[in-house]
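K.L.:
Chain by chain, the residues run as shown.
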Amino acid sequence: MSEWWTYRAEDFLLFSPRAYWRMFELHNAALWPLHVLTLAAGLIIMLLIARQSKNLTRWVALVLAMLWIFVGWSFLWNRYSAINWAAVYIAPFFFIEGVLLAVAFLFDALAFDRRRPTDWIGYLILGFALLGQPLLAPLQGRGWAASEIFGITPDPTAIATLGVLLLARGRLLPWLLPIPVLWCLMSGVTLQTMGEPQAWVLFAALALAAVGWIWTIIRQRGSLPAA
Amino acid sequence: MRTTRRTLLQAALMTATAAHLPGTLHAQQTQPARRPIPSTGEEMPIVGLGTWITFNVGNDPALRNECANVIAAFFEAGGRMIDSSPMYGSSQPVIGYGLQKLGRPSALFSAEKVWTSSATAGPAQIEQSRRFWGVPKFDLIQVHNLLAWKPHLQTLFQMKTAGALRYVGITTSEGRRHDLLEQIMRSEPIDFVQLSYNVVDREAEARLLPLAQERGIAVIVNRPFRQGALTDRLKREKLPEWSAELGASSWAQLMLKFILAHPAVTVAIPATTRVDHVRENLSAAAGPMPDAAMRQRISAHVKAL
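Residue numbers (the numbering used here), protein chains in the order written: chain H, 1 to 227; chain W, 1001 to 1305.
Think of the hints as simulated: they come from the structure by calculation, not from any bench. Careful: at least some of the hints might be erroneous.
Stated by the list, open to error - Selected chain W positions facing chain H (Cβ under 8 Å, derived; list incomplete):
1) LEU1063
2) SER1090
3) THR1273
All values derive from a computational prediction rather than experimental measurement. Just so you know, even glycine gets a beta-carbon here, dropped at the ideal spot from N, CA and C.
Only chain W is shown next, with the shape it has when bound in the complex:
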């Protein structure tokens, strides 16, 4: 491997600094890095919390409490953005349960979606989602998977103008309908776009991520581990020694750092049911990030395994 001078210096500086800091300062040092939302400049921790599958636990009291513990660990580790959708089964009321249990943390940045093919059903669905979460209003609402995107975007822009919503976005996943997404990014004044991007699925690098930078659109990255498939596949593989230069102690952290190092990415939203994993994910947002050469190396290494 060819270690770049920059990554070596960053790693050495981080290690030396961390070793000499008292406990409280050390905790501050490991707070996740932040990036501004381009349309307002509001700072956002670069790792959020996804809820697809993981928070869909129905009315199970034990599993609901586990999810509440994950939310608690997420905020303790400095997280802000929690993302959900009406499509995610019981995830919305489970988030609401966790938030209520935690006394409604003020750090929360609520990211929701509208997901219905009916243009007129959008507002009622958004109101239902708001009740599930138990929030006065959402920070961000996105049109889920471009479903009936024209009328829903109109509704969301009206809500934003009326002060009932802070940001408007649109989502896709698994690399679908990128042409239409690009068209919307070029023509509509959206604040956020959400798409799938990870160490092996890199189509977004060609047009969408540069376009987001050019148009000042914040990017949320979903499926950072291909819904767990990548971490499952790699769990038997040895983490390369050079990952220590980035402060990455697991495959999940290494793959997250690959995503977060892209300058167009505002926040990645890995989903998990485990408190140790949520801490691990947020700590990947602190410390050194790979440069372009190191990013290529990470991607090539994972693809070769």
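Pulled out of the complex, with its shape left as it was, chain H reads as follows:
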């Protein structure tokens, strides 16, 4: 790309806000009532983490794995790609995140067995993704039909995953984090370019998650014995 410095985010926006939001209406209509199942799965994930049921929490990773692969295929590959050709290049990353989460399930690599002072941030992000995000469409005049639901559309799925990962510990975390973070960033920039205030939801989720991770890292280092 020549004269790259002359390009702005607007130059890469291929669709209008109207076409973008209508896409959620069509997607919801096509998949209803699967929303009930994915939302229930999300609430069960939150419950399992809160109860720290050791034998059951490993299933959190598998449920998330299936939902990432499903959202990547059904939304990005089949739906979003119709108005954004770049979506076909992003969809494989949702598949990769799904595979990584499946690996985490197989090796029981995510643990939710410790209470930490930052947990409230994780629950806040997860709770918002499950119960707050669906309200944004009706609150902004787009109606319930255009609601974004966990496990059906990418933003609440990625935000919820940030919340879950903030509540988890394990060696795979550095591998599981980049794709949800990058998606939130990319989706936030897209919404901001369209002039949609909802962009700040994604940026706020990222900022909260960053505060949570930094806080946790500082605490962990502080509790290490001096060398």
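Using the hints provided, position chain W relative to the given structure of chain H.
P.N.:
Using the frame of chain H, we list chain W on its own:
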């Protein structure tokens, strides 16, 4: 403001004539003005239809029908040129849907682009675009944003020689790579050049527009409203009273008239999702046009706001 005698006379003549014409003749009177394509003399209505963003509505049946309505209004108002690109997402199949719904209007002048960095992938992409549109062949194919322009121009010239294409062109936007564009305009036998030009982005006036006139190259103007940014910015501002002399009843019409009045411009291609806007755009192509002094005045006024 200093009203020129010519604009006053034009406005008075248009008003008087329109007031006394019967309905059918009045409709003819408001047909868009035409300009010849320099390489052939074929007459072209000076306002076309762009599809960047506006026609990228995917498989949404309601929005596809809205686009079909825009195409229908465009042809009803006397338009011919519809411009698209493989870069514009689903715009190509949406155009094809609209054209099929309208029974393939014979007035259509199809303007497409080839947009791939691979020299060998050009012909397959053009064929895919043709299928999306559902046309036997394109009237015009342009190399999009100068991407792999050498091999693609070679392909397009071969297609033109073989009768598979009527015109060859090249495009840029947002004022990028004007030096290379100028070099190609000087060295290659192209029929069309497409570039960004509007009331505030006037770089093309310095070299490219005069060169197009000198070389007999038709000019398509994209981004006439800076992708809606200019009309958005001006919508709260009062339209100057003197715009009535040009028959302009909106900022969009005034800004379009500024562009269309340049003698090197063959057609401007505003994009819209609204039937009333497509009619408004085409009616800007009828009636009086600003002279050089009035064009300066329009530009200075918009820049000052």
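K.L.:
Identify whether the interface hint at THR1273 (chain W) stands, where standing means a beta carbon of chain H within less than 8 Å of its own.
P.N.:
Hint on THR1273 (chain W): holds, closest Cβ of chain H at ~7 Å, below 8 Å.
K.L.:
For the hint on SER1090 (chain W), just tell me whether its beta-carbon gets within less than 8 Å of chain H.
P.N.:
This hint holds: SER1090 (chain W) lies near chain H, its Cβ roughly 5 Å from the closest one there, short of 8 Å.
K.L.:
Identify whether the interface hint at LEU1063 (chain W) stands, where standing means a beta carbon of chain H within less than 8 Å of its own.
P.N.:
LEU1063 (chain W) check passes; min Cβ-Cβ to chain H is 6 Å, inside 8 Å.
Checked against the numbered hints given earlier, the structure satisfies every one of them.
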